[in-house]
Amino acid sequence: MKVKRFLIAGLAALALTSSAWAEGDAAAGAAVFTQCSACHAVGADAQNSVGPVLNGIVGRPAGTYPSYRYSSAMRKSGLTWDEPTLRQYLKGPDKLVPGSKMVFPGLASDQDLGNLIAYLKQQQAE
Amino acid sequence: MTMATKLKPVDIAIVGLGWAGGIVAKELASTGLKIVAFERGAPRATNPDFMAPQVHDELRYSRRHELIQNLRKETLTFRNDPMQQALPMRQLGSFLPGEGVGGAGTHWSGLHWRWTEWEHKMYSGTVAKHGKNIIPADMNLQDWPTDYHELEPYYDKFEKVCGTSGKAGNLQGRKIDGGNIFEAPRSSEFPNPPLTQSHNMVLFEKAARNLGYHPFPVPASNASRAYVNPDGVALGQCHYCGFCTAYGCEANAKASPHFTVIPLAHKNPNFEARTNSYVMKVNLDSRRKRAVSVTYLDAGGREFEQPADLVILAAYVFGNVHLMLHSQIGKPYDFKRNSGVVGRNYAYQSMGGVGALFPKDTYFNPFMGSGALGTWIDDFNSDNPDFAKLGFIGGGGISSGSNSGAPISRHPTAPGSPRWGKGWKKAVVETYHRMTSVGNQGSVMSYRQNYLDLDPTYTDSFGRPMLRLTFDWQENEFRQMEFARDICANIAKEMGAEQVLSRRNRGRYSIVPYQTTHNTGGTVFGDDPRTSALNKYLQSWDVSNVFVVGSSAFPQNAGRNPTGPVGALAYRLADTLKERYLKRPERLVNV
Numbered sequence: 097m098k099v100k101r102f103l104i105a106g107l108a109a110l111a112l113t114s115s116a117w118a119e120g121d122a123a124a125g126a127a128v129f130t131q132c133s134a135c136h137a138v139g140a141d142a143q144n145s146v147g148p149v150l151n152g153i154v155g156r157p158a159g160t161y162p163s164y165r166y167s168s169a170m171r172k173s174g175l176t177w178d179e180p181t182l183r184q185y186l187k188g189p190d191k192l193v194p195g196s197k198m199v200f201p202g203l204a205s206d207q208d209l210g211n212l213i214a215y216l217k218q219q220q221a222e
Numbered sequence: 058m059t060m061a062t063k064l065k066p067v068d069i070a071i072v073g074l075g076w077a078g079g080i081v082a083k084e085l086a087s088t089g090l091k092i093v094a095f096e097r098g099a100p101r102a103t104n105p106d107f108m109a110p111q112v113h114d115e116l117r118y119s120r121r122h123e124l125i126q127n128l129r130k131e132t133l134t135f136r137n138d139p140m141q142q143a144l145p146m147r148q149l150g151s152f153l154p155g156e157g158v159g160g161a162g163t164h165w166s167g168l169h170w171r172w173t174e175w176e177h178k179m180y181s182g183t184v185a186k187h188g189k190n191i192i193p194a195d196m197n198l199q200d201w202p203t204d205y206h207e208l209e210p211y212y213d214k215f216e217k218v219c220g221t222s223g224k225a226g227n228l229q230g231r232k233i234d235g236g237n238i239f240e241a242p243r244s245s246e247f248p249n250p251p252l253t254q255s256h257n258m259v260l261f262e263k264a265a266r267n268l269g270y271h272p273f274p275v276p277a278s279n280a281s282r283a284y285v286n287p288d289g290v291a292l293g294q295c296h297y298c299g300f301c302t303a304y305g306c307e308a309n310a311k312a313s314p315h316f317t318v319i320p321l322a323h324k325n326p327n328f329e330a331r332t333n334s335y336v337m338k339v340n341l342d343s344r345r346k347r348a349v350s351v352t353y354l355d356a357g358g359r360e361f362e363q364p365a366d367l368v369i370l371a372a373y374v375f376g377n378v379h380l381m382l383h384s385q386i387g388k389p390y391d392f393k394r395n396s397g398v399v400g401r402n403y404a405y406q407s408m409g410g411v412g413a414l415f416p417k418d419t420y421f422n423p424f425m426g427s428g429a430l431g432t433w434i435d436d437f438n439s440d441n442p443d444f445a446k447l448g449f450i451g452g453g454g455i456s457s458g459s460n461s462g463a464p465i466s467r468h469p470t471a472p473g474s475p476r477w478g479k480g481w482k483k484a485v486v487e488t489y490h491r492m493t494s495v496g497n498q499g500s501v502m503s504y505r506q507n508y509l510d511l512d513p514t515y516t517d518s519f520g521r522p523m524l525r526l527t528f529d530w531q532e533n534e535f536r537q538m539e540f541a542r543d544i545c546a547n548i549a550k551e552m553g554a555e556q557v558l559s560r561r562n563r564g565r566y567s568i569v570p571y572q573t574t575h576n577t578g579g580t581v582f583g584d585d586p587r588t589s590a591l592n593k594y595l596q597s598w599d600v601s602n603v604f605v606v607g608s609s610a611f612p613q614n615a616g617r618n619p620t621g622p623v624g625a626l627a628y629r630l631a632d633t634l635k636e637r638y639l640k641r642p643e644r645l646v647n648v
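From first to last, the protein sequence lines stand for chains A and B.
Be aware that the first sequence starts at 97, since it is given in the numbering used here, and climbs by one per residue.
Be aware that the second sequence starts at 58, since it is given in the numbering used here, and climbs by one per residue.
So here's chain A without its partners, still in its complex pose (with noise of 0.2 angstroms):
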């Protein structure tokens, strides 16, 4: 028994954790992107930079934002930028895309970028 109400207890932690995972807070990913945002622009008069622009994201197929140049490592990908995809090119760039031109040490903090996605997400393609 003592053991059975532990492991519910376990298991609703776990719970918890992946939803403050998923649901992140735009909020605080606002302030993770001030990261990003040497190289990439949101918003409604974004431009193409360092980097492309960062409006629609979440859910678009890798290298293909209109009139930026990205590199053939990143244009033959075949990524999909869902959020398990984001998540791990986020953390080392080089190491999911080798050859990219994004030099970017990557994001330590789980909670960042669960934040920084979340925020991501608010960025409606044009």
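Misleading hints may appear alongside valid ones.
A few chain A residues that face chain B, going by a derived Cβ cut-off under 7 angstroms, partial list only [claimed, not checked]:
#1 Ser-133
#2 Ala-142
#3 Val-146
In short, the hints are calculated from the structure, not lab data.
Quantities reported herein were computed from a predicted structural model and do not represent experimental measurements.
C-beta: ideal position from N, C-alpha, C; glycine also.
Starting from the structure of chain A, add chain B where the hints point.
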């Protein structure tokens, strides 16, 4: 030659689009006045020009100098003293003037200093302490016609625009251990914390403290963290890639005009940049009291005349002085009579110190670093040395840093190693990780015999007489270098060096090996029109609608990098123009 095509008049013509021109353009664009900036080089943007991995190309940038002045189009002639025949500089060496949008601000290292109170008042500060007799007869020691305190808000603004990383050592008069306690009082802390130290910097810091000195992190416009500046421009975090000096930055972590001030100027439709455009001359009216236009060549070599009400020269030192001389604005300096002002007070900087070889199994990882990553002491810089006792005026910053370990430039070997072949390769591998340096960046004073004028023999590809540089080291500077070298050697030993390698002996200045792109003077600003080309507002004494901004205005050079005061002067000039000159265009100082 066919007649130049005359264009529609504009309000303001700016020559040169680096930090100085970019700042002035951005600040004045909001006035709505029609502004045209001329840049001799190409347009540049981080994407595509500085993208990784292509930008990490040592051969292209560090050896073939893609971001540097094209000597086939224009160069200068050089000699050590007025008795010699000067010859054209046909290969880049001693200094590397930038070319292209962003100018030297794209390829700089990012050492971002405020000069000290004394460094703006070298004459009066020295005389107050030691009397007039300490100044050698041939030294043209002069004050800035402004001071640190007037410039402080502009220094502060420029640091915030650049996201400079550092630690204050004098916050509103309060001395702070770990920062530079010799700096002049600053109104606020640096916008970003210091960069992460490399191993040799940790050793340097410890050794300097053991010896009773006051080490601090070099103020670096290489952002230590992601940062958004007050203009809303985002800078990325520096990732210590080691390709900084001589390169553009792919992370927008090294503050540069091409992604900060210049795009903001472009947001105003009244601003236009004409790239690949060489300004040949500023044209004056018949009384030679007023500039009426500039003549320039476009990328196709076609000649245009651009009328303008106000001309701002913001090119590199040599460009500013050359245009003033070739356009006959202000009296050219005459060495024989020690009279005239344009070309007077050219100065440079000395780069000395020692190499330090550490025991086997020391790993400095020199391939990691950033342009301005270093630990420094000012204990022997500015007017901290006792000039009377030591026999020289000036000082030097002493430091150890980690800014470039790329293999073509850096392949150290221990003394006595084979000079080529398998043995040499083995020696490089054994030495690469355990060699570092303790450097001295020494001030250079201005002298009667060091100057710029027009060459009587050689012309550039456009047919203009070349600028002629006459420069040599003087006794005062040798003494500073020798004094500092001994201190560098002591620090290296205290750091644990197994061998200390001395780098330089007394000898004439050579224009061949790279030393530093910290050239100064030639259009000095001052309070006396007999010893300065510009008044305190950077306005030509002779032609009141010509202003000149950049380190060509410095009366002599300090023992630290010039970009901080260049940026501060550019912001101050923009304020002068907006608040005074543009409201009432006239001579701002009457004597």
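Going down the list of hints, with the structure as the test:
For A:Ser-133, the interface hint holds, the least distance from its beta-carbon to any beta-carbon of chain B being 4 angstroms, beneath 7 angstroms. A hinted interface residue such as A:Ala-142 counts as satisfied when its beta carbon comes closer than 7 angstroms to some beta carbon of chain B; here the least separation is about 13 angstroms, so the hint is violated. For A:Val-146, the shortest C-beta to C-beta distance to chain B is roughly 5 angstroms, which falls under 7 angstroms, so the interface hint holds.
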